[in-house]
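Per this note's numbering, residue 1 is the first one in the sequence shown, and the count goes up by one each step.
Heads up, a few of these hints could be off.
[What the hints assert, rightly or not] With a straight-line Cα cutoff of 30 Å, these simulated DSS-like cross-link-like pairs (lysine-lysine) come out:
(1) Lys-79 x Lys-377
(2) Lys-332 x Lys-377
(3) Lys-332 x Lys-310
(4) Lys-377 x Lys-394
(5) Lys-103 x Lys-79
If you are wondering where the hints come from, they were derived from the structure by calculation, not from laboratory data.
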Amino acid sequence: MSKPLEGFRILDFTQFMSGPMCTLLLSDFGAEVIKIENPPLGDATRYGAIVDNGVSGHFATRNRGKKSIVMNMKDEKQKELFLELLKTADAVVENYKPGTMEKFGLSFEKMQEVNPKIVLTSISGYGQEGPYASHGAFDQTIQAESGVMSVTGFPGTDPVKCGVPIADYCGGLCGCIGTLMAMLEAQRTGHGRHVDVSMMDAMIFCLENSMTTYLRNGVIPEQTGNGYASSAPIGAYKCRDGVPLMISVSTDSLWQSFCRAVDRPDWAADESLATMTQRANRRAEVDAMVAELFSHYDSEELARRMQEAKMVYGKVNNLAAVAEHPQVAFRKTMVNASYPNGVSFTVPGSPILMSGMERQMEYEAVPLGYNTIEVLKEVADEDKVHEIFDPVLKNVEETIKTRYGK
Numbered sequence: 001m002s003k004p005l006e007g008f009r010i011l012d013f014t015q016f017m018s019g020p021m022c023t024l025l026l027s028d029f030g031a032e033v034i035k036i037e038n039p040p041l042g043d044a045t046r047y048g049a050i051v052d053n054g055v056s057g058h059f060a061t062r063n064r065g066k067k068s069i070v071m072n073m074k075d076e077k078q079k080e081l082f083l084e085l086l087k088t089a090d091a092v093v094e095n096y097k098p099g100t101m102e103k104f105g106l107s108f109e110k111m112q113e114v115n116p117k118i119v120l121t122s123i124s125g126y127g128q129e130g131p132y133a134s135h136g137a138f139d140q141t142i143q144a145e146s147g148v149m150s151v152t153g154f155p156g157t158d159p160v161k162c163g164v165p166i167a168d169y170c171g172g173l174c175g176c177i178g179t180l181m182a183m184l185e186a187q188r189t190g191h192g193r194h195v196d197v198s199m200m201d202a203m204i205f206c207l208e209n210s211m212t213t214y215l216r217n218g219v220i221p222e223q224t225g226n227g228y229a230s231s232a233p234i235g236a237y238k239c240r241d242g243v244p245l246m247i248s249v250s251t252d253s254l255w256q257s258f259c260r261a262v263d264r265p266d267w268a269a270d271e272s273l274a275t276m277t278q279r280a281n282r283r284a285e286v287d288a289m290v291a292e293l294f295s296h297y298d299s300e301e302l303a304r305r306m307q308e309a310k311m312v313y314g315k316v317n318n319l320a321a322v323a324e325h326p327q328v329a330f331r332k333t334m335v336n337a338s339y340p341n342g343v344s345f346t347v348p349g350s351p352i353l354m355s356g357m358e359r360q361m362e363y364e365a366v367p368l369g370y371n372t373i374e375v376l377k378e379v380a381d382e383d384k385v386h387e388i389f390d391p392v393l394k395n396v397e398e399t400i401k402t403r404y405g406k
């Protein structure tokens, strides 16, 4: 079974979430991703939540399918072998604080001297240059700084972050897209590019509607809860059985369909509610009308009516319901990531399916440095690789065992 990125080699200096999500997608579609971790502990997510018999489910989620080697870029002998490995690669992806790669002596210009077609993708909080470039960043701080938190939550309440690390995920997705575009060009021209992804820019890109509104008329958008500023009813309304049902009546034709579905011809005939703008201007009143109506129906009955009327709706599921969701089962969204010690985790798979390519259901997640000798003996004498890295790998094993008892 061929995959579209087979034959591409990615050297992965990423850690935590944004960078690993970028290289995970590249790996899922056939690229050989070699995760380069700093000894003796590597990526901190190896020691995070959901640890079973010394291995992490969180790490497996983001790093399944990747190889792992250890390298200390401050060690000249190890860096020399990295430069040999660089000659065989198509891209390097990193999400260090800007300037870190330069401190290693691995600027984009230096990499291009070794391999002119190399692509360097840098994912950071604020970008590689500018007054905030040196600031540290995590998902939560970027959600705050970018303004996303200011429009999240219900009116009159404190701003809240999204329930998922959206800045990390969007930064990773943009990094993946940028890497693919630059590798495609490098195949044509023989020259790579430095791809600079700012998580803050990614969040502002997602805020396009709210930001455009502000830049046009100077009105600062506020929190709208589960609703939307331009129309109503849009929200999660609790049904008689206590289950909230999310509906999105975002066009005037959907309003008419909704009114028919819930047997309210009087609402459909009310000219003061005929347009999106009119309903948006009376959002609180419309929300109250719908909330009162839904309180008299069970969620299954309303879902049936919404489906028959071709409405846009969804139950507010918890993750237990999602794990058993029939559509999730049909698409085989959940996959297995297994460590060599036999511990296996069920984790979310790629959201992308392609014709002629079956979803891969089994992946390997590997311990720190697991592929070091295997990978580096391709580019250097095997005895030399063992001489340099056998002591490093022994120290990795002893340090992890001492610190974490693994």
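(request) List in ascending order the numbers of the hints, as given earlier, that are violated by the structure. (result) 2
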